[in-house]
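**Q** The residues making up each chain are set out below.
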Amino acid sequence: MPNTSNDSYKVGSFSFKSRLFVGTGKYETNEIMKSSLEQSRCEVVTVAVRRDCLADNGAARPDNILDHLDLDRYTILPNTAGCFTAKDAVRSARLSRELLEGLENPGARWVKLEVLADKKTLLPDPVGTLDATEQLIDLGFEVLVYTNDDPITAKRLKEMGATSVMPAGAPIGSGLGVLNANNIRICLEYLKDGDPDYPVIVDAGVGTASDVTIAMELGADGVLLNTGIAGAANPARMAEAMHHAIEAGRLAYESGRIGKKAYATASSPWEGCIAVS
Amino acid sequence: MPNTSNDSYKVGSFSFKSRLFVGTGKYETNEIMKSSLEQSRCEVVTVAVRRDCLADNGAARPDNILDHLDLDRYTILPNTAGCFTAKDAVRSARLSRELLEGLENPGARWVKLEVLADKKTLLPDPVGTLDATEQLIDLGFEVLVYTNDDPITAKRLKEMGATSVMPAGAPIGSGLGVLNANNIRICLEYLKDGDPDYPVIVDAGVGTASDVTIAMELGADGVLLNTGIAGAANPARMAEAMHHAIEAGRLAYESGRIGKKAYATASSPWEGCIAVS
Amino acid sequence: MPNTSNDSYKVGSFSFKSRLFVGTGKYETNEIMKSSLEQSRCEVVTVAVRRDCLADNGAARPDNILDHLDLDRYTILPNTAGCFTAKDAVRSARLSRELLEGLENPGARWVKLEVLADKKTLLPDPVGTLDATEQLIDLGFEVLVYTNDDPITAKRLKEMGATSVMPAGAPIGSGLGVLNANNIRICLEYLKDGDPDYPVIVDAGVGTASDVTIAMELGADGVLLNTGIAGAANPARMAEAMHHAIEAGRLAYESGRIGKKAYATASSPWEGCIAVS
Amino acid sequence: MPNTSNDSYKVGSFSFKSRLFVGTGKYETNEIMKSSLEQSRCEVVTVAVRRDCLADNGAARPDNILDHLDLDRYTILPNTAGCFTAKDAVRSARLSRELLEGLENPGARWVKLEVLADKKTLLPDPVGTLDATEQLIDLGFEVLVYTNDDPITAKRLKEMGATSVMPAGAPIGSGLGVLNANNIRICLEYLKDGDPDYPVIVDAGVGTASDVTIAMELGADGVLLNTGIAGAANPARMAEAMHHAIEAGRLAYESGRIGKKAYATASSPWEGCIAVS
Amino acid sequence: MEKGPTMQVAVNGQERQLVSGTTVADLLRQLDLQPIRVAVEINMNLVTRSTFDNTVISDGDRIEIVTFVGGG
Amino acid sequence: MEKGPTMQVAVNGQERQLVSGTTVADLLRQLDLQPIRVAVEINMNLVTRSTFDNTVISDGDRIEIVTFVGGG
Amino acid sequence: MEKGPTMQVAVNGQERQLVSGTTVADLLRQLDLQPIRVAVEINMNLVTRSTFDNTVISDGDRIEIVTFVGGG
Amino acid sequence: MEKGPTMQVAVNGQERQLVSGTTVADLLRQLDLQPIRVAVEINMNLVTRSTFDNTVISDGDRIEIVTFVGGG
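Residue numbers (our numbering), protein chains in the order written: chain L, 394 to 670; chain D, 394 to 670; chain B, 394 to 670; chain Y, 394 to 670; chain G, 2 to 73; chain R, 2 to 73; chain Z, 2 to 73; chain S, 2 to 73.
The following block holds chain L by itself, in its conformation from the complex (with noise of 0.2 Å):
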C-alpha cells in the first residue's frame, strides 16, 4: 500500500504533509496572497531573487515579501525564475541560499532550477537545465528542477542527482493542464523504478483545480502551481480549490479507479426486479 495522502513524503531531505507548492508572484496585494497560502494549505512557497529596492533619496522602500510570510509555517523555495543561461541561475541559487542562511531558514538547503529559453514562451533550456543542475549538485544544493515532459532529459536529470525532477504539465502560465500524460507516465515509469518515493513535482500549467487532479492521479507526488492561484478572479477560493484537488487526485491515485469501458455495468442489481417487461 502506497503511502495514504495524510501521511507524510518526502523531498530531498524535507519531509511535508501537503502536496501543493505555490508560487508567490503575481497576487495583486500581499494581503490576497496570504489569504490564497493559506487556503492552499501548502507548506512550501517559491520566491524570487531580484534587485532590491535602492531607494536612498528617502522614498519609501516597498514591502519586502518576506514581512507577508510566515517563516514558522512555509518553507521557502527559492527558484532562479529570470534566468536564460546555466551561470545566471547558479548565481541565483547561491544568491538565495545567503539569504536564507542569514534567515536561518531551512530553503537554504534547496532551489527550484529554471533555466529558461526565452521570454516569449517561457519554455525550459533542456541543455542549460542540465549544465545547470550539475554545477548546482557540486555547490551542494537540493536541486528540484523544472523540466520539460521529455521523459529522458528527466531520466538523465535524476541520474544526475536531482532531488526532485519537476515536468511540465504545460507552458509556465497557459492553463492548458497536462498536455501530455503518456509522457508523465512515462517521466513517473523511469523515474520512480525501483525507488518508488522518488519525487516527482508537476510544475507549471495549470489552469484550474481538475488539472492538478489529473497530474495526480497519474502519480505525481505533489503539484507546483502560481499562476492558476493568483490570476484567478478569486484567488483564495481557488487556493482553496487547489488543495481540495491535491486530496482528491492523490486519494484517488491510491484508490485504484475502476476501468474504463465503452458502456457497463448496473449499479443496482437486476434480481429482485419488479419489472415484468
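Think about it this way: if two alpha-carbon atoms lie no more than 27 Å apart in a straight line, the pair counts; the simulated DSSO-like pairs of lysine-lysine are:
1) Lys653/D - Lys512/L
2) Lys512/Y - Lys653/B
3) Lys410/Y - Lys585/Y
No lab work stands behind these hints, which were simulated from the structure alone.
Assemble chains D, B, Y, G, R, Z and S onto chain L, guided by the hints.
**A** Chains D, B, Y, G, R, Z and S only, in chain L's frame:
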C-alpha cells in the same frame, strides 16, 4: 457572486451542503459501504427497490440495507433502477414512497427516475423517461431525472416540472467521465437560463476524482455516482477522494479560472533580474 | 473483408461510390458552390425547400439553385431544414417530393429529415423526430434521419424503418467534429448488429478534414456536411480536402489499424546494429 | 496564399510533391512493402544500415532491400536508427552516404538522424541528437533530425543548421498520433518564423489516417511513418489511406477552416420557411 | 384589368387579391413561375402538379409556392 | 394446520398456497416480515400500509413485497 | 560632504560614486538596507554576509544587491 | 589451403582468420559480396569504395561490412 461551496443549496424542497450523491450498490460488504458513505461526506444516498427475500423456510434473512444506513444522517433518494418502462418506473417510485413514508423519511417526497432502454448499455430511454416524468409529477413526486446529455431532452424535462435534471456524463459504470462537455455546457445554459439555482446533477459515468471535478467546473450543482467508489480497489479512500473532488470542482467553478493560452507570462517578475544575458 | 472504398454501397434503394454528402447552403456564389461540389466528388447534394420569390413586379428573379446543379450528376437529397414540428417536416418533405417528381429526379424517393428544437442551438428534437419519421415512412419516403448521438434514439429510428440514421458529430455548424466517439461507436454497434450494411451517416459538426476522417474511422458509412466547406476561406479546396478525408477514413477503417501503446517497438531491426555501445 | 498541395515543396536541396515519407521496416514480405509504398504514393523511403549477412558458407543470402526498391522512383533517406550515441549515428550516416554514392543515388546528400536514448521507449536523446546534428552538418550532410516535440530543442536544431526538424507526434510505434498539438504548434511557430518554407516533418507515433491529417492541419510540411502502415492488418490499403490523409490535411490547412463554437448557425436559410410554428 | 369579382388570399404569407376563379396554374402564370420549378400547398395541403389547371383557388386560401434553395 | 379452503397466489413471482381470507398483514406475519420494512403491490396496484390489515388477498393475486436494496 | 577620493561603481545596474574605501556594510548602511534581508554579489561573485564588514569595494566594481520577491 | 601467415580479425563481430595481405576487395570477394552493395569500416573509420583494392587489412582489425535493410 454565486453561493460559496460552504453554503447550502436546494434541490426541490430539500436543502443540502454536500454536492455529492452516492449510490449504495455493489459494495462488497455493508461495512465498506458504511465507511465509504462516511468518507464521502454525502448527505444523500440512493437505494433501489427490490423484491424482499422470502426466507420463510427458517433460513437466515440477509441484512436489510436500512439496518446499515443512519437515517438521521442521510436522506434516502430512492431510484427506479431496473425499470425499462414508464409503467414500471411509476410502480417502483410508488413502492419507494410507501416504504419511506412508513419510515417517516423525507425521501418519501422525491425519486430518482431511471427508465433504461436495455440491459446491454444501461442507457436511458428518452421517450419512456419523458413519459414517466410526467406521470410522477402528476403523482406529486419531486422527480430527479436521469437522462442522456441531450440538451433538448433536458430542457423538456425541466419544462415538464422535473425537480432536477441529471444528465449522464457517460454510460452507467463506464468510468469514462464527462464525454461531451459541450453538451453538458449547453444543458446548463438551457436549464439555468433565468433560473441560476435550478439544480443540475451529473449522474453516471464517473471513473475517478478528476471526472467529478471536471463536471463541477462546468457548473453542475452536484454529481451522483456509485460504481466509481464501490468498484475502486479501496472504496472508502476513493469516497474521500470524491468528497475532495466535489469541493475542488465547485470552488474552482466559483473562483473564475484563468484563461488558456498556447504559452503565457512569467509568474516571477522580469524587472530586477540579475541576468546580464 | 468489408467493401473496399472503391466499391459502391447502398443507402435504401440508392447506390453510391462517394461517401460524402454535401449541402448546398451558405456559399458566397453559385460558382463557388459548383466548384466545391465538383472538388468534393460527392454524388449526393442536399437542398432545402423555401417559398419562391414572388418577383411579379418585374424585378429580376434570383437564379434558382436547380440552374446550378447538374442533375445528371448529383442525386438531390431534399432536407426538411427549418422545420420545428413533425407536421412542418412532413409538409416540407411532400413539397420536395412533388418538386423532384416533376423533375423526374430519383431524389423524389427520399428525404433527409430534420426536426429542430429551436433556432438557438439547432439541436434536433428527439420526440418530433421520432414522430415525423413514422409519418414519413407511412407516406412511402425513404427517410434519412438527422438525430443526436443518443444510441437509443438511433436504434429506435432504425426499428421504425428509417433508411439511414444520421447521428450528429456535434451541433450543426459548430465545427467541433465528433464530440463523443463513444456514443457514435455504440450507435454503430446497435445499428449494424446483424445488419453490417445498414448505412450510418455522421451528419453535422464537421469543422475540418480530420473530423471527417475520424468519423469514418469509427466505421460510419458516410459523412454529411455543409458549413465545413461553405464557410472555409477556400471552399473548393476544402471540398477537395473533404474528399480525401473521406477516402482516408474509410480506407483506414478497412485496413485494421495498429494498437495503441504508451511506447513501442522499433521500426528498424536491432539485429546487426553497428553500435558498440 | 501558401503552396497548394499540388505544388512541389523543398527539403534542403530536394524537391518533392508527396508530403508522405514512408519507412521500409517491419513488412511481412517485400511484396507487401512494394505495394504499400506504391499505394502511399510517397517519393521518399527511409532505410537503415545494418551489418550485411556473411553467408560465405554457401547458404542462401537473403534478398537485399535494394532489389525491391525502384531507385528511379524513390529517393532513399537513410536513417541512423539503432544508434544510441552521437558517435554511432555519425558512423551510420557516413556508411549510408558511401552506399548511396556508390549507387549514384541523390539520397547520399542527406540523412535522417536518430539518436535514441534506450531500447525501452525508443525516445530520442536530446543531448546526443544535438551533438550528432552538429557533427553531421560539419561533414556536409543535409540533416533531417528526429527529435522530441520540445520547441526549444527544435529551434536549436534549426539554428545549428538542420535541414529539417522532425518532431515526434508520439513515441515510435505507439500509434498514439499527435499527443501534444500545442507543442507542435509552438515548434511550427518558432521554426517558420520569418522562414515559412522551412520544412517541418512530424515523425513517429502515427497510428491511423486521422493522425496524419491532424498533423498536417497543424501546418506540418510532411509526415514520416512506418509502423502505422507496416503493422496494419492490410498495409497496402492503409498506405492508400495515408496518402489521402496527407492530402486531406494539407488541403484543409491551406483552406482556412471554420471556427469552433458551442453551437452555431443554420446551413439552410431561415427566410422563406413554410413553418407556421 | 380585373373585371370580375375578386378574392383575398395569402401567397407565401403576402396578402393578394385574385380574380375569382383563378386556378393554381393561372396564379403561377401571373407570377411568371414555371410549374416545373415549384410545388404548391393550399391551406397546408399539397396540390399535385397534375391538378394545377383544375385547382381553383378560394377566397381566404393560404397558398405556399415553394422551390429549392441551397441547404445543408 | 390449514383447515379451510386454500387459494393459489404468486408472491414475488413464486407460486404459493394461502388459506382463503388471508390478509396482507397475515401474509407478512407468515413470512416473518416487518410491515414497516416492506411495501406491497397486488396486481401492480400499491397497497398502502394502513390497509394491510383489511386487504384480503384473492385467489390468483400476484403480490409483490419489496424492500430497499443497495442501488446507484 | 564627500571629502576623500571617490570611485565609480554600478549598484544594481545604476552608476554611483562611492568614497574610496567603502565596504559592503557601509554601502548597505548608506542605502538603508538591512544586511539580513539582502544578498550581495560583486562582479558576479557572491559576498557572504559575514564578510560584509571587511569587503572593500573597488573602483569599477559591479555590485548586485538582491532580495526575495514574489515568484512562481 | 591457406599457406601464408594469417591474421585474426573481426568481421561484423565474428572472429575470422584472414591471410596476411588481404585487402578489403579480397575480403568482399571471399564473402561473395558486391562492393556496390556494401560500405565498409575498419576500426570505426570509413573505407571509401575507391580504396577497397588498396586497403590492406591488418591483424586485429575490426571490420564492419554493412548494407541497407528496411527501416523507419
